[in-house]
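Participant: Fit the two chains together into the complex; they arrive one by one in their own frames, and the hints show the way.
Chains as they are written, first to last, in UniProt numbering: chain W, 1 to 548; chain R, 1 to 369.
Note that these hints are calculated values from the structure, not bench results. No experiment lies behind these values; they were computed from the predicted model shown. Built from N, CA and C at the ideal position, the CB exists for glycine as well. A couple of the hints might just be wrong.
Claimed, not checked - Derived list of chain R stretches under chain W, where covered just means 3 residues or more per stretch with a C-beta under 8 Å from a C-beta of chain W:
#1 78–91
#2 189–199
#3 239–251
#4 276–285
#5 297–307
#6 337–344
As the list claims (entries may be wrong) - Derived DMTMM-like pairs (lysine to aspartate or glutamate); straight-line CA-CA distance at most 25 Å:
#7 K92(R) - E75(W)
#8 K136(W) - D87(R)
#9 K82(W) - E89(R)
#10 K203(R) - E197(W)
#11 K66(W) - D183(R)
#12 K194(R) - D202(W)
#13 K82(W) - E241(R)
#14 K315(R) - E364(R)
#15 K66(W) - D87(R)
#16 K66(W) - D243(R)
#17 K123(R) - E45(W)
#18 K203(R) - D243(R)
#19 K136(W) - E138(R)
#20 K66(W) - D245(R)
#21 K28(W) - E129(R)
#22 K82(W) - D243(R)
#23 K92(R) - D302(W)
#24 K194(R) - E201(W)
#25 K66(W) - D99(W)
#26 K205(R) - E197(W)
#27 K82(W) - D245(R)
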Amino acid sequence: MSTGTVPKPIAGASGFLDDRLGAGNFLKRNLRKVFPDHWSFLLGEIALYSFIILLLTGTFLTFFFKPSMAHVVYEGSYEPLKDVTMSEAYASALQISFDVRGGLLMRQMHHWAALLFVAGMMVHALRVFFTGAYRKPRELNWLIGVLLLTLALAEGLTGYSLPDDLLSGAGLRITEGVAISLPLVGTWITFFLFGGEYPGEDVISRFYSLHILLIPGILLALISAHMVLMWVQKHTQMPGKGRTNENVVGAPFYPAFMAKAGAYFMFTFGVIALLGTFAQINPIWLFGPYTPADISAGSQPDFYMGFLEGSLRLMPSWEINVLGFTLPMSVLIPALVPMGIIMTGLALYPFLEQWVTGDRSEHHVADRPRNNPHRTSIGISAITFYGVLWLLGANDEISSVFHVSLNWTTYIGRVLVFLGPLVAYIVTYRICLGLQRSDAAIIGHGVESGVIKRLPHGEYIEVHVPPEASIEAHLRGKAPVPTIAGTDTDKDGIPPKGMRGPLGRLRAKMSKAYGGEKIPLDDGHGHGVEHGEHAQVGSGGDDRSLTH
Amino acid sequence: MTDNNHDIEQPEGRVPHRVIGTPAPATATSLLGEEERTEAAADVPGVNLQDEQTARKGERAAALCFLITFLAAVAFVASYVIFQVGDVETTKTSTLALGGSLTLALLSLAAGIVFWVRMVMPKYSLVQERHTMASSSEVREQVGETFLQGAAESGITKRPLLRRTLLLAAAPLGVLPIVLLRDLGPRYKNFPEKLRHTVWGEKTKDGKDRRLVVEGTGAPIRAADFNSPGGILSVVPEGYEHDLDALAKATLILIKFRPEEIKSGTNKNWTHDGIVAYSKICTHVGCPAALYEQTTHHILCPCHQSTFDAADGAKVIFGPAARPLPQLPIAVDSEGYLVATADFAVPPGPSFWERGDAEAEVREKGGHA
Numbered sequence: 001m002s003t004g005t006v007p008k009p010i011a012g013a014s015g016f017l018d019d020r021l022g023a024g025n026f027l028k029r030n031l032r033k034v035f036p037d038h039w040s041f042l043l044g045e046i047a048l049y050s051f052i053i054l055l056l057t058g059t060f061l062t063f064f065f066k067p068s069m070a071h072v073v074y075e076g077s078y079e080p081l082k083d084v085t086m087s088e089a090y091a092s093a094l095q096i097s098f099d100v101r102g103g104l105l106m107r108q109m110h111h112w113a114a115l116l117f118v119a120g121m122m123v124h125a126l127r128v129f130f131t132g133a134y135r136k137p138r139e140l141n142w143l144i145g146v147l148l149l150t151l152a153l154a155e156g157l158t159g160y161s162l163p164d165d166l167l168s169g170a171g172l173r174i175t176e177g178v179a180i181s182l183p184l185v186g187t188w189i190t191f192f193l194f195g196g197e198y199p200g201e202d203v204i205s206r207f208y209s210l211h212i213l214l215i216p217g218i219l220l221a222l223i224s225a226h227m228v229l230m231w232v233q234k235h236t237q238m239p240g241k242g243r244t245n246e247n248v249v250g251a252p253f254y255p256a257f258m259a260k261a262g263a264y265f266m267f268t269f270g271v272i273a274l275l276g277t278f279a280q281i282n283p284i285w286l287f288g289p290y291t292p293a294d295i296s297a298g299s300q301p302d303f304y305m306g307f308l309e310g311s312l313r314l315m316p317s318w319e320i321n322v323l324g325f326t327l328p329m330s331v332l333i334p335a336l337v338p339m340g341i342i343m344t345g346l347a348l349y350p351f352l353e354q355w356v357t358g359d360r361s362e363h364h365v366a367d368r369p370r371n372n373p374h375r376t377s378i379g380i381s382a383i384t385f386y387g388v389l390w391l392l393g394a395n396d397e398i399s400s401v402f403h404v405s406l407n408w409t410t411y412i413g414r415v416l417v418f419l420g421p422l423v424a425y426i427v428t429y430r431i432c433l434g435l436q437r438s439d440a441a442i443i444g445h446g447v448e449s450g451v452i453k454r455l456p457h458g459e460y461i462e463v464h465v466p467p468e469a470s471i472e473a474h475l476r477g478k479a480p481v482p483t484i485a486g487t488d489t490d491k492d493g494i495p496p497k498g499m500r501g502p503l504g505r506l507r508a509k510m511s512k513a514y515g516g517e518k519i520p521l522d523d524g525h526g527h528g529v530e531h532g533e534h535a536q537v538g539s540g541g542d543d544r545s546l547t548h
Numbered sequence: 001m002t003d004n005n006h007d008i009e010q011p012e013g014r015v016p017h018r019v020i021g022t023p024a025p026a027t028a029t030s031l032l033g034e035e036e037r038t039e040a041a042a043d044v045p046g047v048n049l050q051d052e053q054t055a056r057k058g059e060r061a062a063a064l065c066f067l068i069t070f071l072a073a074v075a076f077v078a079s080y081v082i083f084q085v086g087d088v089e090t091t092k093t094s095t096l097a098l099g100g101s102l103t104l105a106l107l108s109l110a111a112g113i114v115f116w117v118r119m120v121m122p123k124y125s126l127v128q129e130r131h132t133m134a135s136s137s138e139v140r141e142q143v144g145e146t147f148l149q150g151a152a153e154s155g156i157t158k159r160p161l162l163r164r165t166l167l168l169a170a171a172p173l174g175v176l177p178i179v180l181l182r183d184l185g186p187r188y189k190n191f192p193e194k195l196r197h198t199v200w201g202e203k204t205k206d207g208k209d210r211r212l213v214v215e216g217t218g219a220p221i222r223a224a225d226f227n228s229p230g231g232i233l234s235v236v237p238e239g240y241e242h243d244l245d246a247l248a249k250a251t252l253i254l255i256k257f258r259p260e261e262i263k264s265g266t267n268k269n270w271t272h273d274g275i276v277a278y279s280k281i282c283t284h285v286g287c288p289a290a291l292y293e294q295t296t297h298h299i300l301c302p303c304h305q306s307t308f309d310a311a312d313g314a315k316v317i318f319g320p321a322a323r324p325l326p327q328l329p330i331a332v333d334s335e336g337y338l339v340a341t342a343d344f345a346v347p348p349g350p351s352f353w354e355r356g357d358a359e360a361e362v363r364e365k366g367g368h369a
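Okay, chain R solo, but in the shape it has when bound (with noise of 0.2 Å):
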């Protein structure tokens, strides 16, 4: 692998007491010099051996261990037949026996190997000698030489069309696993237009206004009994009840107020008796913000914090989003129950390069985002 000299070099005369960082004999923790420090006769220079009766410690202490780690795995094989799993208890049973018998094998396993080393090893402080990496500047002569005799011989430098149609071949054979990515993506390419709209402004199959459903149940919402104020569901487009495309952009926030609590940030128009709709999907980085605080209206994201005020058309007042949660249109059908009367007026959740200021938009056209 190198071409360096790995001979050993005996040190001259001297042997380092200790390597710096080893742990140390109990006298050479303290910083105080010593005169002279018994060493253990060695045959090679930077060889200490150990002397005979710490070596045989060494050897029982290490087959100690080593016996240790072979019960352990015979444990371990043990427990994979005897503990079944199938439920949380006998799962816990199971992982314990596997578990615990794995690692006083490896723990064991590893602590006779130390007291191999430390006990059994001879201590080491050899010198071994370093060589600068570079090569000599005739080494590199001859291969910058060889480089261009080489060159020469193969015609690339003499043979200007070999050259350069070689260079032509390869450049669209380095485009080729670019091309095949193109259906990583899907077939259509107006991904802007697909994240401008939602479910919610679609009618349903017979025509008619898509319903809020409470999400887990599946239950529509009749406005009348969703009336204590505070009151606060999360809601799911009907229809797409397990459609996580569909949920990712129309999960909604439903909260009831008292009339009176609803301020001017709020569209009137798209609540219904106090209740209003909003996107649950952060316009930050598109956590559900699924936390609310019913005394100060706050909507608040568990992700990154970014806080709303429901009461005030979800502005943000706190944290990193940008944006208010945009709200749904609603009303009831004839039957009572809570319809979306249009999609959202701007693209909820998360900002992209091709939105825009979509809720300027709107306002300079008169509507309320």
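Bound conformation, chain W alone (with noise of 0.2 Å):
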């Protein structure tokens, strides 16, 4: 296909850069680099370009705020708030708020734009995990992602405290109240946060630098490196025809990725346009100043925190009192156990797997969730966990919006989410083989076509036909899950190497119930029960010409 020669002003300029940078050995084998498509995978691109669209609200509020808890009076434009003593902080979020032209926006953008940041790295690492796509190769991506979403955290609730009203206070509050109560360093970290006691006149200003240059530096870094590794690594792919653990199948990025990246960078900026325009967020001024003497009932923390209000709600008093000492178990235990278990769980899992599994091979084409049904269930049982204390952090709101009682909201809480996450994996097992199940049933007997035929003696049966043909290489995509090879006893009853003691035995038992096969695909033949219809599976050639 001839293309014409490159116009001379580009060529000029390429030209340039390549005899300083030899840039064109890199763009030969990068421009047509490959992406392989999948809705799925379109879910990290919302955590980046909300992050990006964060640099750029945020340095635009960087211009007006003044991070200083010294008082000042109102004399803005906001009636209400008029002569009123608050924090320079509040003043001038209020003045960006009513006397900046955009100001308004571009606040409701950021915090729109910080919930859909950390929303899309949660949905983006469900992706991951649920089609293992953390496996080797992409175990150090993995926990580049689950820094990434630490940090998000962290950034979060810097910013959130930064405006200083009432409702962000109780928060800072909140937070105050979980740092004192650890043991031996809690008043420690606390006047050294504080610079003193609480609240001091320091933390506005520390929780700025903290969220404007530190946290975000580090997200950069670390997002960057997200980016090169999955460039240098390529993408996983789904399964599919022609898609094997060697190749990868897709568009190049240039043009097509290209183009299609910048529209999805636009999608996401004109969503949170629209949510900045016309749904409110944080509207700062109906709370007024912060004063730790003051609450609003109903205080609601953003969506991301709201799993450790619920535990902290959760969680029934008890206090320990040893030789002098204090620890206060119901702020410690909500405050560092279930953050402590979902943020380990994630970082361990992809060795937790392979040390189960055995398995140190590389990964690139995902898993479909329901072909390994233990992990799935592990991840849809820890998404019961963080819903249950989700849930309950809100369980005023639920309590007063369904008229039922707040204090069976925590007792009914407090048995779910134990009990929750046992329902739930048991449920998403048997979820799980049930597809692999009609999965083995498309395969095996074909896809209902629709036609129903009149056999000579009276009986009608409805015509198979073998499904099409990229969705049946989609459903053979599926690989046993692996076990360690060799954890049988030999004949003498004695255990291979390495899997004797307490922990090996352990090891090879969890390896058994893992690993394997649990629904072949070519399950269904042979079985009598439905063998009448099956056998007209053979004959499919014939029957197909009647689809048509």
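Facilitator: Printed below as a string of structure tokens:
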């Protein structure tokens, strides 16, 4: 295909760069880099673009925001707060809202983008988890991702506190209450963070430098590393026709992927602008300036802090006093344990799975969640655990909207937080096996064609035809979950080396349960029950003509 | 960036009909198999060009979108000039105009590019090879050798004096930033002591007991005027109405009971005519326990729903808080205003490591927590 010559201005500029950077070699390899397509691959991009929008809107906000807790008397144009004493931070946040054109829009877009940033990361992480895309060689990128999620929570917390209104102050107070409860170092951490007693006059400016410099700097570096690793390792692909562990099928970076990504950025930006315009968020002028003496009922944190709020609410009162020291377990446990379980669990999962399956090979074709039922069940179980905590973070709202006793929401939550994940595990496991059976049935019996045939002896049957080629390839992309080879005991009943001892035995047991093929794809062949119908698949060639 | 070979592989004869997960032509949404599907003629395998009619339609649709973006962007600039801000109403108008035009511009641009990609650009199904990430064993060996050679050349392995003094030099340097952070904290170190005392324990300048004043108005409270049972006030220390550090520990909730309603948990000596003062700072994580239910005498913290029985020494009856809200000893001064006669017997607010069981200590000394 002849495409002519590169126009002079472009050729000139790129020649200049290539002479100095040798960029041609890189571009030759990478311009047509192939990116596989799947809707779920777009979830991480939401987070990426939200981050860019956060940088843009955040920079605008810093031009007007004054991170100071000095007392000023408000003289701005929001009448109800005129002549009220407040911190300079709150006054400048009001100024951004009412005295800067587009200021309110930028503030609301910044807040919405933050919510979308964290939400995008969460669903992206779930996609990676459930499709096993964290497997070798992508464990490092998974760890970077876990770190990014943790940092995003810290970034959200520090940003949320900056306007110094009554609502954000409640969040800050809870943060202080949690920090001071830490054994041994709690008071030190608190007095150092606040520069003295709570709330002091330092915390806003300190959170400000964390929020606009330190954390976003680290985020930016880690996000870049995340992208570079993705680029070097190439994206995973869903199973399908012509797709193997040794290739990647999709659209080229230039021009298609580039344009798509650009459009998707614009969509994300547009939706955030839409939300920032029409969906009011954090109307700080209604809350008033912060004072530790007041609070408004129904105070709720941003959604990503909801699970911590919920676990604090669920915890029964428990405090230990030993040798003159205090361990406020009713703060420590809910503040540290759920977050610890979730983040540590996420970080360790790829390595635990490798330990259990003994699988050290590279994986580039993603799993369909049903095809690794134990992993999927663990994931849904974790979501349930998180979800119960999250829901209970709004139990006062639940109680008032549904007119149920507040205390009972807590009692039920205390049970659900343990029972829910268990039930979710069992149900998910069953659903996964059911879906595997349905896949096996499609491969084994074909697809119902909608054509009813009457047999000579009067019986009616529905004609089954083989599934469409790409769908069949998608289904056949299933591979058994690996297990450790040779975990069985030998003739004398002696387990192999490495499988002795309690840990080894546990590992062998887990490997057997976790791995293996639960429902083989050719399942269904030779089962007498459906034999009459099944026989028709063999002669499917004739029947197919009926469908056209 | 990589040494991988990214040359485009030609698919062997057959091109996948579509990429799983992308919206498919209507026929492919069915699970039914099909014998053949017509494909647009393509020069390059895996690149299926759009037919000219679709491409032309796409071009027009994209152009229309881009035009809308242009107009919306102009409207944004115009809105910025036209709509001023300065109060709630004008801010609303300005935000709607700016945000609306920005939204339209961005979404329209996005839609335009989508028309472009989906209707003008070809459908792609290119195939590239992957290679294992690991480098070959020869390369690893070479790198290993180079590493050892370099280490030997540098002398770091052979010369322990060099190595050890370098480590010695690095160690304190790493500590410097931590040292520098010392002044983040206050100069004093008796943090727990600070947490044990509030301004209620200090007399006023002229040596009198500190008055309780109403939060917000700063008005002192005449006991005789605070006389309807079930009444409640949020109270701050006189002279510290705007000192947030003081308020974070010293804010009170003042409740008027009928004398017979007060139970044994409350220290009656610290009440005045059925008026009881508790710390408003929740003993869980420090939110103001601001909600009061008159009929049940329950004080509720809106943050985590710790519930305290105000009639019975503010003991915990529900929720995560582990300790009652401390009670403040109050009386009236010569003018009939409520004053604090002493500080809280135990530290108010959230628990901390050095706090210990202050309540038990007080009880041991025969006092009332």
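Participant: Next step is simple, just say for each hint if it's right about the structure.
Facilitator: So, going through the hints one by one against the coordinates:
| no. | hint | in the structure |
| --- | --- | --- |
| 1 | 78–91 | holds (count 8) |
| 2 | 189–199 | holds (count 4) |
| 3 | 239–251 | holds (count 7) |
| 4 | 276–285 | holds (count 4) |
| 5 | 297–307 | holds (count 5) |
| 6 | 337–344 | violated (count 0) |
| 7 | K92(R) - E75(W) | holds, 20 Å |
| 8 | K136(W) - D87(R) | violated, 57 Å |
| 9 | K82(W) - E89(R) | holds, 17 Å |
| 10 | K203(R) - E197(W) | holds, 21 Å |
| 11 | K66(W) - D183(R) | holds, 23 Å |
| 12 | K194(R) - D202(W) | holds, 18 Å |
| 13 | K82(W) - E241(R) | holds, 19 Å |
| 14 | K315(R) - E364(R) | holds, 19 Å |
| 15 | K66(W) - D87(R) | holds, 21 Å |
| 16 | K66(W) - D243(R) | holds, 21 Å |
| 17 | K123(R) - E45(W) | holds, 22 Å |
| 18 | K203(R) - D243(R) | holds, 16 Å |
| 19 | K136(W) - E138(R) | holds, 22 Å |
| 20 | K66(W) - D245(R) | holds, 21 Å |
| 21 | K28(W) - E129(R) | holds, 15 Å |
| 22 | K82(W) - D243(R) | holds, 20 Å |
| 23 | K92(R) - D302(W) | holds, 24 Å |
| 24 | K194(R) - E201(W) | holds, 16 Å |
| 25 | K66(W) - D99(W) | holds, 14 Å |
| 26 | K205(R) - E197(W) | holds, 23 Å |
| 27 | K82(W) - D245(R) | holds, 24 Å |
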